[in-house]
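Peer 1: Use the sequences and the hints to build the structure in full.
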Amino acid sequence: MISAYYFGAISLILIGLYAILVKKNVLKMLIGLSIMETGVNLLLVSVGYISGRSAPILSEGIGPNQAVDPIPQALVLTAIVIGVATTAMALSVAMIIYEKYGTLNVEEIRRLRG
Amino acid sequence: MNGQYASLLIALPLISAFFVPLIKGLGKKAVKYYLVLITALQTGIAAWVFQEVYTTGKPIIVMAGAWRPPVGINLYIGHFAALFVLIVAVVSFLMAVFSIRAISVDPIDKYAMLFLLVMLGATGMIATGDIFNLFVFMEITAISAYALTAYNKTGEAAEASIKYIILGGIGSSFFLIGIALIYGSLGTLNMAQIAQLAGGMDATVAQVGLALIVFGLAVEAELFPLNAWAPDAYQAAPHPITAMFSAFVVKAGLYALARILYLMQAVSSWHSVLKLLIIMATLTVFVAEFAALRQKNVKRMIAYSSIAQIGLIGLAFALGTQSGVDAGVFHMVNHAIVKALLFLAVGHVAVSLGGAEMEKFEGLGKRMPLTAFAITVGAIAAVGIPLFNVFWSKLRILLATLGAGYSWAAAVVLIASVVEAVYYFRLIHTMWFAGEGERISEGLAVSLMLLFLAALVIVIGVYPDYAWSIAQKAGNDIFNVADYIKNVPLMGVGA
Amino acid sequence: MLKRALAIITLLIIGYWLAQGLAGVPFGEDRMLVAQYYLDHVKEQTGAVNTVTAVVVNYRGFDTLGEVTVLFIASTGVGALLWRKKRERTAKTEGSIVLTTGTRLLAPFIMLFGAYIFIHGHLTPGGGFPGGATIATAFLLLYMAFTVYEIPHKTFEKVEGAVGMAYVLVGLIGLAIGGYFLYDWIWQDWGFGVDNVGRLLSGGFIPVIYTIIGLKVGTELSGIIDNMLKEEVSE
Numbered sequence: 000m001i002s003a004y005y006f007g008a009i010s011l012i013l014i015g016l017y018a019i020l021v022k023k024n025v026l027k028m029l030i031g032l033s034i035m036e037t038g039v040n041l042l043l044v045s046v047g048y049i050s051g052r053s054a055p056i057l058s059e060g061i062g063p064n065q066a067v068d069p070i071p072q073a074l075v076l077t078a079i080v081i082g083v084a085t086t087a088m089a090l091s092v093a094m095i096i097y098e099k100y101g102t103l104n105v106e107e108i109r110r111l112r113g
Numbered sequence: 000m001n002g003q004y005a006s007l008l009i010a011l012p013l014i015s016a017f018f019v020p021l022i023k024g025l026g027k028k029a030v031k032y033y034l035v036l037i038t039a040l041q042t043g044i045a046a047w048v049f050q051e052v053y054t055t056g057k058p059i060i061v062m063a064g065a066w067r068p069p070v071g072i073n074l075y076i077g078h079f080a081a082l083f084v085l086i087v088a089v090v091s092f093l094m095a096v097f098s099i100r101a102i103s104v105d106p107i108d109k110y111a112m113l114f115l116l117v118m119l120g121a122t123g124m125i126a127t128g129d130i131f132n133l134f135v136f137m138e139i140t141a142i143s144a145y146a147l148t149a150y151n152k153t154g155e156a157a158e159a160s161i162k163y164i165i166l167g168g169i170g171s172s173f174f175l176i177g178i179a180l181i182y183g184s185l186g187t188l189n190m191a192q193i194a195q196l197a198g199g200m201d202a203t204v205a206q207v208g209l210a211l212i213v214f215g216l217a218v219e220a221e222l223f224p225l226n227a228w229a230p231d232a233y234q235a236a237p238h239p240i241t242a243m244f245s246a247f248v249v250k251a252g253l254y255a256l257a258r259i260l261y262l263m264q265a266v267s268s269w270h271s272v273l274k275l276l277i278i279m280a281t282l283t284v285f286v287a288e289f290a291a292l293r294q295k296n297v298k299r300m301i302a303y304s305s306i307a308q309i310g311l312i313g314l315a316f317a318l319g320t321q322s323g324v325d326a327g328v329f330h331m332v333n334h335a336i337v338k339a340l341l342f343l344a345v346g347h348v349a350v351s352l353g354g355a356e357m358e359k360f361e362g363l364g365k366r367m368p369l370t371a372f373a374i375t376v377g378a379i380a381a382v383g384i385p386l387f388n389v390f391w392s393k394l395r396i397l398l399a400t401l402g403a404g405y406s407w408a409a410a411v412v413l414i415a416s417v418v419e420a421v422y423y424f425r426l427i428h429t430m431w432f433a434g435e436g437e438r439i440s441e442g443l444a445v446s447l448m449l450l451f452l453a454a455l456v457i458v459i460g461v462y463p464d465y466a467w468s469i470a471q472k473a474g475n476d477i478f479n480v481a482d483y484i485k486n487v488p489l490m491g492v493g494a
Numbered sequence: 000m001l002k003r004a005l006a007i008i009t010l011l012i013i014g015y016w017l018a019q020g021l022a023g024v025p026f027g028e029d030r031m032l033v034a035q036y037y038l039d040h041v042k043e044q045t046g047a048v049n050t051v052t053a054v055v056v057n058y059r060g061f062d063t064l065g066e067v068t069v070l071f072i073a074s075t076g077v078g079a080l081l082w083r084k085k086r087e088r089t090a091k092t093e094g095s096i097v098l099t100t101g102t103r104l105l106a107p108f109i110m111l112f113g114a115y116i117f118i119h120g121h122l123t124p125g126g127g128f129p130g131g132a133t134i135a136t137a138f139l140l141l142y143m144a145f146t147v148y149e150i151p152h153k154t155f156e157k158v159e160g161a162v163g164m165a166y167v168l169v170g171l172i173g174l175a176i177g178g179y180f181l182y183d184w185i186w187q188d189w190g191f192g193v194d195n196v197g198r199l200l201s202g203g204f205i206p207v208i209y210t211i212i213g214l215k216v217g218t219e220l221s222g223i224i225d226n227m228l229k230e231e232v233s234e
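Chains as they are written, first to last, in numbering that gives the first Met the number 0: chain F, 0 to 113; chain W, 0 to 494; chain X, 0 to 234.
Any given hint might turn out to be false.
[Unchecked claim] Residues from chain F that face chain W, not an exhaustive set, calculated with beta carbons under 7 Å:
| hint | residue |
| --- | --- |
| 1 | M28 |
| 2 | I30 |
| 3 | M35 |
| 4 | Y97 |
| 5 | K99 |
| 6 | L103 |
Simulated from the structure, these hints should not be mistaken for laboratory data.
We treat Cβ as the ideally placed atom computed from N, Cα and C, and that holds for glycine.
Peer 2: Structural data, given as structure tokens:
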């Protein structure tokens, strides 16, 4: 059976995707994107987890064989920063959209079509 | 010189981008010329790397921090990367020169930084030998592209950008899940080691992981159905940036797609992923060509044409044969030249006449004869008329497609080419045989660049052999994974 | 309604498909390959006890350089998109007494704590990014509490560029001394702090780079906040 962590990660990804596909407000879509990124990060960390071991900081009592996989944690650190950067960019673009169109509803701002 | 100095390809644009805030007090002009200077330097380094790789025939492996792969991250500058890093640098240089005239929206200093970082991101994507590092460089390219798309700060630009951000965000999440699956089952992120171990991978994991990566990269590589952002972004972005998108940003995505695809060719479910990609690529060609037919705005029309050509390259890569990959690489080179030429010329018209709508092109042959000539050369080449460069690569892609047994895909491509001919000849007709106008000044620098690119189109068209031999070497670099593994000095971790 | 139903069906298919893939990557099993090498050699090769930061800064230093660049792009991009001829803060309500007093009291300590986090990156969980983010929260508090407060954004922009260059320079010095970009010459060549593993003065160039990153992230995030809070005013 699938583990609770994987289940949680996949659920977060799907919830995020649902928000992106269905919601009409740009901000809600961006929140969906962030939720999806969180899900992916959770997935990465849980892929690196090893039962019964602790954080990979090698101090008293934690040798190389008592630590979990450090690489996914390093990757998640990078992924989080990238997520923050994307969100910041997206929010400033959303600010311009609101300034120009006076709305954040995607159905009302779709002028470039075809 | 030591091959490790090839890391300057990454270090130079970075340090120069960080330097911009310190010199922005010197004024707008200074920043623009600084941009030209840096891209010229980058072209110099790239030319050195190209010459080094093609004379020795050995790839340059840059090991960051002296850690041997797979422990550290390595850059793999083989025949393909050397060629494309050079193309990236040359196109960036030309567009930096064009920016002097074409960019008037403030703040120029930020534009210069983002410009350099797009160049850096594409260079890194092409050069890297580590799958997660590829993701990081992809995001560098993508996020600076988001910012540059919206740079004009109009409503349309912001809308295009938000579309791009949302699709790009979904794509990068999918890509990351793919990485998680591959890392989870192999325990390594180095591309050469992934290729080495791929044979022993669980078939389902490999299929799901690879498909996720294909979907993730398809956003950057503009494959249907994830390319909805592309026409809007191409149209709304500043003109030099559009040329860069078409000439190398999308190519970097395609290359990454092809590289990862061929690295994993040992997995048992490989062919099902190839089939998926062939369908996506053929649909891209078909949908984009018919969409181009309906366009009133020339820039947008060429954007659709560019997407269709990209689909063609994607098709060539998805065939899974040596001849397909070689033809695809050849088409990438030709397409980069032709689309740089076309977007440069159209951007030039738009800057001079204040827009890129079809009406603005009436009588262009009388108003701006040189630019009109350049667009004509580009258009004829893009359609695939003999004695122009695209003809050779299109022909080879068609032959490779037939050779791999996909005659239906070849038929779709042929139909699409006819459609392409219709709208390009309509454009040529509008330029030369409709409307009147006064002659206006065309500017020396842009004219020289247009002539240079047009000459390149014709020279490769008449003497394709040299370019073809380079493309073959570069294609072999992607296709021949055994050599790739052998060239990376893996230390025996785990395996 | 139909759209929602379609979306839900698509999502369930994707979810099932992902679960299929993940079934081949069982949870909680030891599948380390390269990671085991890191865990075994991290102390002697980098001088850090926190394996994650050693991986982030040293073994996979290229990623981190890229990561710093991504944040730099975000701050540049936000600056480019929200650029207007003249912009000012337009907030009208001053923060409540609790907020203002609390901010006055806490802001210096928050910054100090941020600095602590990034200086101890090679020993404890954290590092340059969390440290820098903590510092930025101090500025955010200041913005929320006082309507007139503004960061000196010209200086911040210059600091941002300068520390970014410093990072690349550290890498280039490595190229000059050791022949490899981002080579950790402080640990590998000088052997600085070899007897000190597990204490502050060790870890090669990790603390140096994390200080750079901490300053950079702090200034960048504060710059983003500054850009987003200001609005265009007519001259």
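Peer 1: Would you mind marking each hint as holding or not holding in the structure?
Peer 2: Verification of the hints:
1. At its closest, the beta carbon of F/M28 sits 6 Å from a beta carbon of chain W; the interface hint therefore holds under the 7 Å criterion.
2. At a threshold of 7 Å, the smallest CB-CB gap from F/I30 to chain W is about 12 Å, leaving the interface hint violated.
3. Residue-level restraint check for F/M35 holds (minimum Cβ-Cβ distance to chain W is 5 Å; threshold 7 Å).
4. For F/Y97, the interface hint is violated, the least distance from its beta-carbon to any beta-carbon of chain W being 9 Å, above 7 Å.
5. With 7 Å as the threshold, the beta carbon of F/K99 comes within range of chain W, its nearest partner Cβ sitting at about 4 Å, so the hint holds.
6. Look at F/L103: its Cβ only gets to about 10 Å from chain W, farther than 7 Å, so that hint breaks.
Of the hints listed earlier, those the structure fails to meet are numbers 2, 4, 6, in rising order.
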